[in-house]
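Protein chains: 2
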Amino acid sequence: MKLTILGCHSATPRVNAHPTAQYLEINNRHFLIDCGEGTQRQMRKYKVGFSKIDHIFISHLHGDHFFGLIGLISTLGLLNRERDLHIYGPVGIKEITVLQLKLSKSWTKFNLIFHELSSTESELIFEDDKVLVKTIPLNHRVYTNGYLFIEKPKPRKLHIDNIKQYDEIDVCDYHNLKAGKDYTLETGEVILNSELTIDPPKVKSYAFCSDTAYKPDIVPIIKNVDILYHESTFLKDREELCDKTKHATAEQAALIAKEADVDKLIIGHYSSRYKNIEDFKTEAQTVFENVELAKAGNVYTTSTLPQSLVV
Amino acid sequence: MKLTILGCHSATPRVNAHPTAQYLEINNRHFLIDCGEGTQRQMRKYKVGFSKIDHIFISHLHGDHFFGLIGLISTLGLLNRERDLHIYGPVGIKEITVLQLKLSKSWTKFNLIFHELSSTESELIFEDDKVLVKTIPLNHRVYTNGYLFIEKPKPRKLHIDNIKQYDEIDVCDYHNLKAGKDYTLETGEVILNSELTIDPPKVKSYAFCSDTAYKPDIVPIIKNVDILYHESTFLKDREELCDKTKHATAEQAALIAKEADVDKLIIGHYSSRYKNIEDFKTEAQTVFENVELAKAGNVYTTSTLPQSLVV
Numbered sequence: 001m002k003l004t005i006l007g008c009h010s011a012t013p014r015v016n017a018h019p020t021a022q023y024l025e026i027n028n029r030h031f032l033i034d035c036g037e038g039t040q041r042q043m044r045k046y047k048v049g050f051s052k053i054d055h056i057f058i059s060h061l062h063g064d065h066f067f068g069l070i071g072l073i074s075t076l077g078l079l080n081r082e083r084d085l086h087i088y089g090p091v092g093i094k095e096i097t098v099l100q101l102k103l104s105k106s107w108t109k110f111n112l113i114f115h116e117l118s119s120t121e122s123e124l125i126f127e128d129d130k131v132l133v134k135t136i137p138l139n140h141r142v143y144t145n146g147y148l149f150i151e152k153p154k155p156r157k158l159h160i161d162n163i164k165q166y167d168e169i170d171v172c173d174y175h176n177l178k179a180g181k182d183y184t185l186e187t188g189e190v191i192l193n194s195e196l197t198i199d200p201p202k203v204k205s206y207a208f209c210s211d212t213a214y215k216p217d218i219v220p221i222i223k224n225v226d227i228l229y230h231e232s233t234f235l236k237d238r239e240e241l242c243d244k245t246k247h248a249t250a251e252q253a254a255l256i257a258k259e260a261d262v263d264k265l266i267i268g269h270y271s272s273r274y275k276n277i278e279d280f281k282t283e284a285q286t287v288f289e290n291v292e293l294a295k296a297g298n299v300y301t302t303s304t305l306p307q308s309l310v311v
Numbered sequence: 001m002k003l004t005i006l007g008c009h010s011a012t013p014r015v016n017a018h019p020t021a022q023y024l025e026i027n028n029r030h031f032l033i034d035c036g037e038g039t040q041r042q043m044r045k046y047k048v049g050f051s052k053i054d055h056i057f058i059s060h061l062h063g064d065h066f067f068g069l070i071g072l073i074s075t076l077g078l079l080n081r082e083r084d085l086h087i088y089g090p091v092g093i094k095e096i097t098v099l100q101l102k103l104s105k106s107w108t109k110f111n112l113i114f115h116e117l118s119s120t121e122s123e124l125i126f127e128d129d130k131v132l133v134k135t136i137p138l139n140h141r142v143y144t145n146g147y148l149f150i151e152k153p154k155p156r157k158l159h160i161d162n163i164k165q166y167d168e169i170d171v172c173d174y175h176n177l178k179a180g181k182d183y184t185l186e187t188g189e190v191i192l193n194s195e196l197t198i199d200p201p202k203v204k205s206y207a208f209c210s211d212t213a214y215k216p217d218i219v220p221i222i223k224n225v226d227i228l229y230h231e232s233t234f235l236k237d238r239e240e241l242c243d244k245t246k247h248a249t250a251e252q253a254a255l256i257a258k259e260a261d262v263d264k265l266i267i268g269h270y271s272s273r274y275k276n277i278e279d280f281k282t283e284a285q286t287v288f289e290n291v292e293l294a295k296a297g298n299v300y301t302t303s304t305l306p307q308s309l310v311v
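Residue numbers (my numbering), protein chains in the order written: chain A, 1 to 311; chain B, 1 to 311.
Isolated chain A (complex conformation) (with noise of 0.2 Å):
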């Protein structure tokens, strides 16, 4: 699993400071979240390609997280993509959408799909093979979703070694041990399944909540994610523009990532009103430990610490 920011600041625009926008692979699948203004340009520049995206999630509709949705549309078509693009989002993403490419003339050849969402209960909205996805719903002043990206369990594997000590067992066993199945020998034993196989690694999960106030129902939906994504706009001295603008403190955040025991929380969307964003990680830290702030660049694993890429 691997998450790249493409842009963590909250709306104002700076130069240096670019609108929501994240790509996550996970299990070999590629998923564009969020996209504000700007978004095809640090794809470009942190070297993410296009094509690779089958999947868009957008959080809700504020300017800063899907102003970039329609220009990275555009250009797909010129890039003469043709593979279905499903996008998943707010009721009204589809109308926006479609209103831009009429009134310009710019029909994509290939199929947009749209996910409309309106449920305030978490929901399955995306599942294959590899990956599933759910909403979390978050309170903000639109309606707005988080997502939550979970591999799939992997097969367990063989321990070939233990394996061929029964002649017996044949690779055409090997799927239902895969499968976690005990192997009964031709004289009725039973070998236990954990004699024959090891765990897989385990799945890894990846939460991101935009745009919320502090909302510690979702805590169960996003219990022991590896990487928590959450953000926190202001600090506590300015707890009550968090309550009027449904905003999170870092410290809310922080409380979030506690309660949910998650591996690791980065916090982004900084307002534009602090020049040292470090604040927010002491502030985070009195609360929860492994804190990151998010930084447009910065790729980060289950593993290791975030590296910069290379540009």
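Worth flagging that the hints you see were computed from the coordinates, not collected in a lab. Owing to the predicted nature of the structure, the values given are computational and were not obtained by experimental measurement. Warning: the hint list may mix true and false statements.
Copies of the same chain look alike in the list, so a pair counts if it fits in one copy or across any two.
Unchecked claim - Below, a list of computed lysine-lysine pairs in the PhoX-like style, where the Cα atoms sit at most 20 Å apart:
id	residue 1	residue 2
1	K164	K154
2	K94	K236
3	K94	K105
4	K246	K105
5	K2	K134
6	K105	K244
With chain A's structure known, arrange chain B on it following the hints.
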């Protein structure tokens, strides 16, 4: 008159190739012309003040000329703008903007005043005491206008040394003299205005012609402008692509400049197919000598060579 290029490349995004946007200061008026994705970031980069702009002119509704508009409008809202903002562009620009503001529940506190265009004849669309703006109907795949910006004639300047030779000419008469009127002495003798005043500075003018096929019938509209910006997406080697996509070659842009007898031609909107954009200048100069290649950050005035902004 001062023209700042914010972006001058065609649609396919690259890290350092921004789509069309320009900032024009003319006779103390401040206009934004086209607004491709990322324009607000380019405005920050090149120190173009957000608050001075009251009028935005969009040539057509292809994304590389207007996908940055909604983000800029949203940002002006975040910056607590109060003054009216006028937007000129093809029919549809209001619907798309209003829909986006509605879906994001981000109505601006300032008035957005749309001037939707649909005529295929040149129209006067803006006039105050300083400047007038006319459309330049173009020929592209969607309805498209260029824009012609002309300073209003300034009053004649007083020739104080000469005036002082006539005691009876009073300060109260200066208004008439500046307006070009002769002065009649009490003796009945007429002093010609040309003896009492000197010519005002020549009025400046700028013609912006965005995406268009070669369209020589615009020549009378833009005759004798100081600066003509005329996109030229291809060179002669791809003239068949010009026919298909309704763009112009560098040579065709230069032919327009020559026929209109302009002072300076600036070309831009280069296709990403070309590695060496100097070839555009070379081709254009076979027809018209005073050619400049647009480059983001370049500033053009009527009197000097382009200056790169220090950023």
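Status of the hints after comparison with the structure:
no., hint, verdict
1, K164 x K154, "neither (23 Å within a copy, 98 Å between copies)"
2, K94 x K236, "neither (37 Å within a copy, 40 Å between copies)"
3, K94 x K105, "both (16 Å within a copy, 17 Å between copies)"
4, K246 x K105, "between (37 Å within a copy, 14 Å between copies)"
5, K2 x K134, "within (18 Å within a copy, 53 Å between copies)"
6, K105 x K244, "between (40 Å within a copy, 15 Å between copies)"
Comparing the model with each earlier hint shows violations of hints 1 and 2; every other hint is respected.
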